[in-house]
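First to last, the protein sequences are chains G and F.
19 is the number that our numbering gives to position 19 of the first sequence; each next residue is one higher, with no gaps.
Just remember that our numbering sits 1000 ahead of the position in the second sequence, which is counted from 1.
Simulated from the structure, these hints should not be mistaken for lab results.
Source: prediction; values computed, not measured.
A virtual CB, placed ideally from N, CA and C, is assigned to each residue, including glycine.
Accuracy of the hints is not assured; some may be wrong.
Residues from chain G that face chain F, not an exhaustive set, calculated with beta carbons under 8 Å [to be verified]:
#, residue
1, R52
2, R182
3, R203
4, F206
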Amino acid sequence: MKVTLKIKRFNPEVDKKPHWESYTVDVEPTDRVLDALHEVKWSIDGTLALRRSCAHGICGSDAMRINGRNMLACKALVKDVAKDGVITVEPILGLPVVKDLIVDMAPFFAHYRAIMPYLVNNDPPPERERLQSPEDRARYDDTTKCILCACCTTSCPSFWARGEYVGPAAIVQAHRFIFDSRDQAAEERLRILSEPDGVWRCRTVFNCTEACPRGIQVTKAIGEVKEALRTGVIR
Amino acid sequence: MPQYHQFDAIVVGAGGAGLMAALHASRSVKTAVISKLYPTRSHTGTAQGGISAALGNLEEDHWEWHAYDTIKGGDFLCDQDAVEIMCREAIDAVIELEHMGLPFDRTPDGRIAQRRFGGHTNNITKKPVMRACHAADRTGHMILQTLYQQCIKQNVTFFDEFQVVDVLVENGVCNGVVAVELATGEIHVFHSKATLIATGGFGKMWKVTSNAHSLTGDLPAALLRRGLPLEDMEFFQFHPTGIYKLGILLSEAARGEGAVFINGKGERFMARYMPTLKDLAPRDICSRCIYQEIREGRGVDGKDYVYLDFRPEVINRYFEEDGNPKRVDAHYLEQKLPDIIEFARVYLGVDPITQPVPIQPTAHYAMGGIPTTNDAEVLADETGRIVEGLYAAGEVACVSVHGANRLGTNSLVDLVVFGKRGGVRMAEYAKQASFRPINYDTAAKEGAAQLDRIRNNNGTERPSAIRKELQALMDDKVGVYRTGAGLEEALDHIRDLQARFRRIRIDDKGYKWNTDLMEAWELGNLLDLAEVTAYSALWRQESRGGHYREDYPYRDDTNFLKHSMVWKDGKLEIRSKPVRITRYPPEERKY
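This is chain G alone, in the form it adopts within the complex (with noise of 0.2 Å):
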């Protein structure tokens, strides 16, 4: 079929602000939108610049704006987002445009950093692994699955709104901590994530949890940290 892809474009190199540019190719119509950015980029203009790899959903590099909505290029398709044989593509929302689809990843990645996305557990190693029930790992395994692709945190409005909000994928990535009964550093993270940019930011719009390419129930997740907050417990 033949699809019509509208993108936005920015070279630094060249442009002083970003513009839009169609381009129409042939394409099957189970193939992904990265398939036909490809095929633009590989048949039309070899300047249009984007991030990929893996191709089917798990490295997280091709979060973009389709059709107005956060997706992985790789994993929407284009019988399904199609509308009358046009596809919208931008860069998602809220992080700085470098060039074309790629936006700078630092700041989204300082907020992952700042929350400690790491098991904190002081005692000393037994000899073979920690023990760990089927329901404490069940507690958390939702939030385990977060590939850090920035589609719920460049879909909320509070992080539009005020950069320095530490998003949905930071406060994913606390929880996923916080709720694991191995680790010993929930206060601490309870303690930044109380700060006037952490948790409370939320408004519970539920974009991210629409968002998610991997399906986490992002929105509950944020949702129990906050509990934990008011409640003084983990549960």
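Based on the hints, put chain F in the right spot on chain G.
Just chain F now, with coordinates in the frame of chain G:
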């Protein structure tokens, strides 16, 4: 202006092997990691089913059994001392990962859960054994995340989105690397005492592949240009269960949980070929059996695919037939295999819980690569001479622990065990070595010149067209089945493509995030590695593991129980070195 950096240890690549090496090296020396991707984008993250270690959490197991299975799985081309190290140290490595926080699935009593995987057996009963430690079907994702988390905790220095274009090897010594910063196009020279390469595989020379777009073999190709050899390049694994036409991987864990192959006539054909292990036979064997079925007209609807069937009622029927008391239901499968079930739903519109899934073999894993010692030191030749200060680990390296065919889960075992050994060894070396003088300006100029040649080339050929032709050619002539005539044609064709590559033209002449330029440069690397692959495959006149020659259908231990090593100095040159055998004498491979 080029920028200069100095670190005791440089790690190139931020997947499992690179991060493991960096964690261990950075405990004692100043270390930096350079990667063309953000670390969490690395391909380790797509590994699904598990990491094997003979923990024996659910049934009797021994690391010696794991070693034997690995060696037999590798069709006796593995260096057995290396395999013994890997399987013994796998146990501590998995425990170390758990201590770092890796969220393994658990047994009812809270220990690490394990499941069956292809080729992993109880050596006495010959039946499948539960050895693969897992976190649902995203074990690689959890390993990558956990190692990156630990690197943050330990404050490891990262240069993210820097592409290494040259390795400074001269007179048998490595003094660092040259990289381009993708965001700016600036050249950076990294001066080091020790450099470890962990850049993964190079499956993008094939069309149907499970490999990421970024897996283009940049560093092995760079070493080839610097006069170093590559080992066993004829051995590339075709995983039996790629999604039809797309090549996206559906983990062997599906078969570990009971899924079966079904042909166009509705038969569970693996029971005919491999009566004991059946669908859990090693990957090279399953891939050949699938093509055998297709060739004999038993593909689905006469086409070039078969089904992977993991509908609960089908799994339970064959469990019953095999005398296995286990039973599964939809909920259980959704818990154990959530990602691959979703892949089938998203990319095929097929729901594996109610429909069988069309699959075909997909180019998956490089058994060959940069030759190393058991401590990840890079070998300069077939005599065991090492390149001082240069190390390699993970898929990019050839220790060789996988021989002619890798067993499922052993890639993750390899990268944690040898990533760690490499990291430890490079730090020991860096502590006692001193920086050797290098000519920064020449290094920077040569790195920049490589890219400028492509940027300014005034030809007519589109790199994308050459890449597409290469991938179709490799699928056709250098795939699961090979012949001497086909390989000669492939070599001629690749050389023609190399000539055309010298006449390319790219659209983007800029510096900032010039992915047009980088893709073209990567294509040059793929072409060089494809040439070496076809050349090695032509040399090996036997069939062993993942390398199957229709004109030489049997294994030939008299003439080919040895590793190939290929150099490229203008033209290709091949030599060989013996396989190291300890306690597992070569035998016929039956399952």
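Structure-based check of each hint:
no. : hint : in the structure
1   : R52  : holds (6 Å)
2   : R182 : holds (7 Å)
3   : R203 : violated (28 Å)
4   : F206 : violated (21 Å)
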